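There are 2 protein chains.
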Amino acid sequence: MDNPRLQTVLRKVKERASNKSELKDCHIHVCSENNFPTAAGLASSAAGYACLVSALTKLFNVQGNVTDIARLGSGSACRSLDGGFVEWTMGEKDSGEDSTGKQIVTEDHWPEMRIIILVVSGKKKAIGSSKGMLRSTQTSPFLKHRADKVVPDNMKKMQAAIKSKDFPAFAEVTMKESNQLHSVCQDTYPPISYMNDTSWSIVRLVHAYNEYKGQIKVAYTFDAGPNAVLYLLKESVSEVLAFINHVFPPPNNQEKHLYFKGLPSESNHEVTKATLNSVLSMEPQQNAVKYIIHTKVGPGAQEITNEAASLLDENGLPKL
Amino acid sequence: MDNPRLQTVLRKVKERASNKSELKDCHIHVCSENNFPTAAGLASSAAGYACLVSALTKLFNVQGNVTDIARLGSGSACRSLDGGFVEWTMGEKDSGEDSTGKQIVTEDHWPEMRIIILVVSGKKKAIGSSKGMLRSTQTSPFLKHRADKVVPDNMKKMQAAIKSKDFPAFAEVTMKESNQLHSVCQDTYPPISYMNDTSWSIVRLVHAYNEYKGQIKVAYTFDAGPNAVLYLLKESVSEVLAFINHVFPPPNNQEKHLYFKGLPSESNHEVTKATLNSVLSMEPQQNAVKYIIHTKVGPGAQEITNEAASLLDENGLPKL
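These protein sequences, in sequence, are chains A and L. Take the numbering used here: the final residue in the first sequence is number 320, and no numbers are missing along the way. Take the numbering used here: the final residue in the second sequence is number 320, and no numbers are missing along the way.
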């Protein structure tokens with residue numbers, strides 16, 4: 001328990017506990033397991049703190065919205081307690097206490113939505129996202145303009161797109177928000193680069209595919225790391241996987257289930273080599289992508305029994 | 001003469017000719033030679049059009065500032081007619097006719113200034129700079145903010161820094177301007193990336209070196225391509241080359257003069273391996289940099305005789 005953030009979270013939970021006297025002499029043993037690349041810009045700390053806060057608040061019988069407590073562990077953890085699509089509201093207070101997570105729709109709202117994560121590198125980030133964001137706040141002339149003028153408008157568009165299940169609108173805002181986040185990182189001094197050459201190949205692949213289809217069928221987003229998170233509808237998965245396979249083929253000697261994880265990732269789509277070459281004009285890049293996770297929008301933090309846990313694979317998805 | 005921009009330039013030169021009748025029946029044979037990587041974001045077209053306009057306006061005896069004609073060939077060519085440090089004024093007219101080049105100081109003003117160009121890739125750009133800039137104008141929410149709020153202020157700072165030979169101020173504006181240009185490219189939709197992983201290694205090298213020295217001793221700038229242009233004072237060249245050599249060593253079997261071009265690039269600086277490793281913590285990247293040009297601020301377009309030309313090496317510098 002040397003981690004100061006963890007201590008802050010625990011103190012806050014205890015403050016709101018409704019069974020303080022009952023537990024006041026108890027010590028707490030936390031055992032945390034994780035099946036996701038850490039410190040790679042894939043919100044692993046958000047997932048971890050969401051679980052921790054969910055478990056602790058259950059133990060201490062804390063009532064009401066506890067996303068503000070999760071936020072003290074990792075900013076984005078306030079989005080990870082609920083399932084479905086969650087908004088991180090900015091809030092107005094300097095203390096940040098009204099900056100919380102708010103569910104927009106549940107995980108059942110848009111069942112066709114799929115997510116393909118291309119894990120480019122599990123290496124530790126050159127600069128952590130909290131430290132990076134602080135440096136951007138202090139030095140980027142663009143950040144204030146973005147916060148004042150661009151984000152509020154995009155938040156409205158995004159909410160409307162999710163509620164009405166308008167995929168092209170959802171996808172365009174997703175890509176533009178990702179681009180502008182990294183634009184601010186580049187405008188920071190000294191500048192920050194989370195995306196690498198492989199990330200940019202994925203950006204080009206996505207735009208080339210959408211242009212080929214004549215409409216936006218897949219979106220990318222990059223967080224504080226080089227890994228890509230692609231959003232697409234179930235109907236597009238097979239064809240998009242054919243394009244991904246063309247540019248990022250699995251390593252020759254790797255077993256298929258070590259490269260494709262999560263939901264089945266069969267590409268049955270009949271797309272010819274000639275089409276792939278003319279649409280993409282990109283050389284295959286073996287080993288640029290480490291592995292691929294195919295998943296979908298899920299529920300939030302869950303309490304599971306040991307028995308239930310044994311039925312899940314290493315991605316937290318039901319064993320096939 | 002199928003090139004429409006070349007025709008525009010020639011027509012404009014003829015309009016302003018003061019010896020029209022004399023030359024009206026002459027055909028013009030243009031022979032252009034170039035010793036710089038083309039379409040790599042190193043302003044090769046600016047150099048070419050500056051030469052062409054300089055030669056044509058001499059032939060047609062055009063008087064006065066002709067940078068507006070050069071700009072019709074390649075925007076940045078209006079900066080390349082004069083030597084020293086040149087400002088590209090924005091102008092106010094929609095036609096762009098008052099957007100011209102204006103010399104700030106001559107090439108003798110700051111004789112200590114040196115330039116080291118790391119040629120990362122001679123490959124053709126994914127998107128040309130004119131086309132890219134047009135797309136940014138149409139789609140980047142940041143570009144207008146940059147043009148209105150950031151550039152005018154930086155232009156003032158830059159002029160003052162050059163006139164007073166304030167290297168740290170010059171260097172900081174140079175790096176921030178480069179970062180923000182590429183930030184706008186990233187904010188464009190679809191986004192544009194001219195820098196690659198090697199470019200980012202150079203950015204990290206420069207910031208690490210400056211931090212080690214406790215003050216800004218070297219600056220980077222990237223144009224519409226992955227190649228880095230470094231600015232530094234003569235006194236820093238030897239030590240900076242030791243750092244560059246550590247991360248980007250010459251290929252094993254390449255002759256030294258093919259890797260280091262231009263001014264002598266001896267690194268006599270006694271910097272230990274241990275220092276290099278602790279300052280940079282970067283692995284050597286052989287073959288990431290193709291070659292290195294060491295040069296300085298020079299004069300503008302020059303008329304030279306064949307005899308004089310034979311005394312210059314392939315970089316346009318006096319043969320050693």
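No lab work stands behind these hints: they were computed from the structure. Please read all numbers here as calculations on a predicted model, not as lab measurements. The beta carbon of each residue, even a glycine, is placed where N, CA and C say it ideally should be. Please note that the accuracy of each hint is not assured.
Said to hold, decoys possible - Think about it this way: if two alpha-carbon atoms lie no more than 27 Å apart in a straight line, the pair counts; the simulated DSSO-like pairs of lysine-lysine are:
(1) L/K144 x A/K156
(2) A/K144 x L/K149
(3) L/K131 x A/K213
Unchecked claim - Covered stretches of chain A (in silico footprint by chain L; criterion: 3 or more residues with CB under 8 Å from a CB of chain L, positions within the stretch not fixed):
(4) 136 to 146
(5) 180 to 190
Stated by the list, open to error - One-sided and incomplete, this derived list gives chain A residues near chain L with beta-carbon spacing under 10 Å:
(6) E33
(7) K102
(8) E172
The hint names A/E33 as touching chain L; please verify it with the least Cβ-Cβ distance against 10 Å.
At about 31 Å, which exceeds the 10 Å cut-off, the nearest Cβ of chain L leaves the hint on A/E33 violated.
Sort out whether A/K156 lies within 27 Å of L/K144, counting only the CA atoms.
This hinted pair holds, its Cα atoms lying about 22 Å apart.
Taken at face value, is the distance from the CA of L/K149 to the CA of A/K144 at most 27 Å?
12 Å, holds
Under 10 Å, Cβ to Cβ, is where A/E172 needs to be relative to chain L, so tell me if that hint holds or is violated.
Nearest chain L Cβ about 8 Å off; hint holds.
Can we keep the A/K102 interface hint, with Cβ of chain L closer than 10 Å?
This hint is violated: A/K102 lies away from chain L, its Cβ roughly 25 Å from the closest one there, beyond 10 Å.
Are the Cα positions of L/K131 and A/K213 separated by 27 Å at most?
This hinted pair holds, its Cα atoms lying about 23 Å apart.
Can the region 180 to 190 of chain A be counted as covered by chain L under the rule of three residues or more with Cβ-Cβ separation shorter than 8 Å?
Result for this restraint: holds, n = 9.
Under 8 Å between beta-carbons, do enough residues of the region 136 to 146 of chain A, three at least, approach chain L for the coverage claim to hold?
With 4 residues close enough to chain L, the hint holds.
This entry does not satisfy hints 6, 7, going by the numbered hints stated previously.
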